[in-house]
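Peer 1: Chain by chain, the residues:
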Amino acid sequence: MDEIIAACKTGDKSAQKQLFATYAKGMLLLCSRYVKDGHHAEELMMNGFYKFFSTIERFHYTGKDSVSAWMKRIMVNECLMFLRERKSIRIMAEEQAADCVLDETVFASISAQEIVSLIDQLPEGYRTVFNLFVIEGYSHKEIAALLRVSEGTSKSQLNKAKQLLQKVLEQKRVGYEK
Amino acid sequence: MKNNKAEEIIRRKISEQESDNSLIEDHASLWSALSARLEEKEVVPSKRHYYPLWAAASVVFLLILGLFLYPKHKLSGDQQTAAVQPAVISTPLVSRVQEKEKVKPVQAQAVAVQTHKKAASSKRKIDEPEKKEQEAPSADYAGLYSMPQIACAEVQAAHYPLCSQTL
Numbered sequence: 000m001d002e003i004i005a006a007c008k009t010g011d012k013s014a015q016k017q018l019f020a021t022y023a024k025g026m027l028l029l030c031s032r033y034v035k036d037g038h039h040a041e042e043l044m045m046n047g048f049y050k051f052f053s054t055i056e057r058f059h060y061t062g063k064d065s066v067s068a069w070m071k072r073i074m075v076n077e078c079l080m081f082l083r084e085r086k087s088i089r090i091m092a093e094e095q096a097a098d099c100v101l102d103e104t105v106f107a108s109i110s111a112q113e114i115v116s117l118i119d120q121l122p123e124g125y126r127t128v129f130n131l132f133v134i135e136g137y138s139h140k141e142i143a144a145l146l147r148v149s150e151g152t153s154k155s156q157l158n159k160a161k162q163l164l165q166k167v168l169e170q171k172r173v174g175y176e177k
Numbered sequence: 000m001k002n003n004k005a006e007e008i009i010r011r012k013i014s015e016q017e018s019d020n021s022l023i024e025d026h027a028s029l030w031s032a033l034s035a036r037l038e039e040k041e042v043v044p045s046k047r048h049y050y051p052l053w054a055a056a057s058v059v060f061l062l063i064l065g066l067f068l069y070p071k072h073k074l075s076g077d078q079q080t081a082a083v084q085p086a087v088i089s090t091p092l093v094s095r096v097q098e099k100e101k102v103k104p105v106q107a108q109a110v111a112v113q114t115h116k117k118a119a120s121s122k123r124k125i126d127e128p129e130k131k132e133q134e135a136p137s138a139d140y141a142g143l144y145s146m147p148q149i150a151c152a153e154v155q156a157a158h159y160p161l162c163s164q165t166l
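Order-wise, the sequence lines are chains A and B. Following numbering that gives the first Met the number 0, the numbering of the first sequence begins with 0 at its first residue and continues without gaps. Following numbering that gives the first Met the number 0, the numbering of the second sequence begins with 0 at its first residue and continues without gaps.
Don't read these hints as lab results, they were simulated from the structure. Even for Gly, the Cβ is constructed at its ideal location relative to N, Cα and C. The reader is advised that the hints may include incorrect statements.
Some residues of chain A that are not near chain B, with every Cβ distance over 10 Å (derived) [what the hints assert, rightly or not]:
id : residue
1  : LYS8
2  : SER110
3  : ILE114
Here are the computed lysine to any residue pairs in the SDA-like style, where the Cα-Cα straight-line distance is at most 25 Å [to be verified]:
id : chain 1 : residue 1 : chain 2 : residue 2
4  : A       : LYS16     : A       : LYS63
5  : B       : LYS12     : A       : ASN76
6  : B       : LYS40     : A       : ASN46
7  : B       : LYS4      : A       : ALA107
8  : A       : LYS24     : B       : PRO51
9  : A       : LYS154    : A       : TYR60
10 : B       : LYS12     : B       : ALA27
11 : A       : LYS71     : A       : TYR60
12 : A       : LYS24     : B       : LYS99
13 : A       : LYS71     : B       : ARG11
14 : A       : LYS86     : A       : TYR60
15 : B       : LYS12     : A       : TRP69
16 : A       : LYS12     : B       : SER18
17 : A       : LYS171    : B       : LYS4
18 : A       : LYS86     : A       : VAL100
19 : A       : LYS16     : A       : ILE3
20 : A       : LYS8      : B       : SER21
21 : B       : LYS40     : A       : TYR49
22 : A       : LYS50     : A       : LEU117
23 : A       : LYS50     : A       : ALA14
24 : A       : LYS166    : A       : ILE114
25 : A       : LYS71     : A       : THR104
26 : A       : LYS171    : B       : GLN16
27 : A       : LYS8      : B       : SER18
28 : A       : LYS166    : B       : ASN20
29 : A       : LYS12     : B       : GLU7
30 : A       : LYS63     : B       : ASN20
31 : A       : LYS63     : B       : SER14
32 : A       : LYS35     : B       : LYS12
If you want the footprint, here are the derived chain A segments under chain B, 3+ residues with CB under 8 Å [what the hints assert, rightly or not]:
id : stretch
33 : 11-19
34 : 26-37
35 : 74-83
36 : 98-104
37 : 128-140
Required output: the full structure, derived from the provided sequences and hints.
Peer 2: Here it is in structure tokens:
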């Protein structure tokens with residue numbers, strides 16, 4: 000991978016193509032978690048790759064994971080910028096929600112695709128905070144800075160997202176039992 | 000702790016799904032579009048390349064502007080007064096100065112302004128003791144400066160009879 004990155008830095012087309020082939024699918028799935036519309040997600044993924052190749056000179060390779068981490072960061076920023084421009088993230092300062100505990104046995108038994116479809120049902124604000132905190136591993140402080148909200152708001156959005164997820168899971172379970 | 004476990008499961012499953020290295024649908028068309036964008040970027044220089052050009056153009060513009068404005072700033076105080084207050088001095092006085100001194104109209108006006116200034120300052124000096132006695136200037140005195148064209152002729156006649164005669 001180190002050689003591919005070094006070649007990409009010199010503008011080698013075949014190296015760029017190889018990198019795109021390796022990461023495009025995963026990055027498209029990531030963008031789809033933030034932006035439901037498939038065409039927009041694809042456009043954001045393309046913009047992300049364009050930025051990645053344009054700024055690759057600044058990237059320092061420290062292992063295979065560093066490539067995907069750098070790329071994911073660019074993609075997440077692209078998605079957040081898109082959501083901000085469209086003003087689709089409406090995060091209101093709400094009352095602090097009680098801590099919610101997600102049922103691990105349920106999540107262990109369902110597939111990644113099912114988890115993604117569950118997250119998709121969340122409202123935009125809850126979904127964005129949930130994605131950033133639970134999946135991307137950002138801290139509440141980082142989320143607050145990215146979404147321009149307070150840390151408390153970020154925490155309450157996450158707890159509400161979890162409550163909603165739990166509710167949807169319970170409804171599904173009742174449906175299966177019936 | 001239980002909560003973190005559920006989050007850990009979600010994170011792991013989704014990360015595994017997104018680590019899928021198989022080819023994306025429409026890979027060829029998407030790559031050709033991206034490749035074309037990247038090539039376009041290489042051909043067209045970025046905006047940053049234009050910054051020195053803009054800076055140079057701005058400097059040239061400022062220099063030209065400076066050249067146009069320079070002569071006005073270099074005028075002497077009297078010439079500036081003449082340029083700024085052309086209507087203060089009466090035209091006959093200026094034409095007389097022009098005839099006498101055989102100079103250009105602007106210079107003649109400058110001479111006339113100088114004469115006017117001298118006359119006004121000497122008048123002020125003469126009037127100063129009176130001013131100390133009076134709390135407010137008389138209506139005639141105030142009017143003298145509100146009507147500069149008349150004031151000039153009057154002051155000249157009063158204090159420079161010879162000068163006004165020659166002019």
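Peer 1: For LYS71(A) and ARG11(B), compute the direct alpha-carbon distance and say whether it is at most 25 Å.
Peer 2: Holds, at roughly 15 Å.
Peer 1: For LYS12(B) and TRP69(A), compute the direct alpha-carbon distance and say whether it is at most 25 Å.
Peer 2: Holds, at about 20 Å.
Peer 1: Below or equal to 25 Å on CA atoms is what counts here, so check LYS71(A) against TYR60(A).
Peer 2: Roughly 15 Å between the alpha carbons, so the hint for LYS71(A) and TYR60(A) holds.
Peer 1: For the stretch 74-83 of chain A, count the residues whose Cβ lies under 8 Å from any Cβ of chain B; is that count three or more?
Peer 2: Coverage by chain B is violated here, the residue count being 0 at a Cβ distance below 8 Å.
Peer 1: Run the distance test for LYS12(B) versus ALA27(B): straight-line Cα separation, threshold 25 Å.
Peer 2: Between LYS12(B) and ALA27(B) the Cα gap is close to 28 Å, so the pair fails against 25 Å, i.e. violated.
Peer 1: Just to be careful, I want the Cα atoms of LYS171(A) and GLN16(B) compared with a cutoff of 25 Å; is the pair within it?
Peer 2: Holds, because 23 Å separates the two Cα atoms, which is no more than 25 Å.
Peer 1: For the pair supplied as a hint, LYS166(A) and ASN20(B), is the alpha-carbon distance within the 25 Å limit?
Peer 2: violated (34 Å)
Peer 1: Please confirm whether ILE114(A) is truly not at the interface, meaning its C-beta sits more than 10 Å away from all C-beta atoms of chain B.
Peer 2: Since the minimum Cβ distance to chain B is about 6 Å, ILE114(A) lies within 10 Å and the statement is violated.
Peer 1: Given the hint that LYS171(A) pairs with LYS4(B), test it: the Cα-Cα distance must not exceed 25 Å.
Peer 2: Between LYS171(A) and LYS4(B) the Cα gap is close to 21 Å, so the pair holds against 25 Å.
Peer 1: When you look at the beta carbon of LYS8(A), is every beta carbon of chain B farther off than 10 Å?
Peer 2: Non-interface label on LYS8(A) holds, nearest chain B Cβ at 13 Å vs cutoff 10 Å.
Peer 1: For a C-alpha distance cap of 25 Å, please report whether LYS24(A) and PRO51(B) respect it.
Peer 2: violated (41 Å)
Peer 1: When you check the alpha-carbon spacing of LYS12(A) and GLU7(B), does it fall within 25 Å?
Peer 2: Roughly 38 Å separates the two Cα atoms, so the pair is violated.
Checked against the numbered hints above, the structure breaks hints 2, 3, 8, 9, 10, 12, 14, 18, 22, 25, 28, 29, 35 and satisfies the rest.
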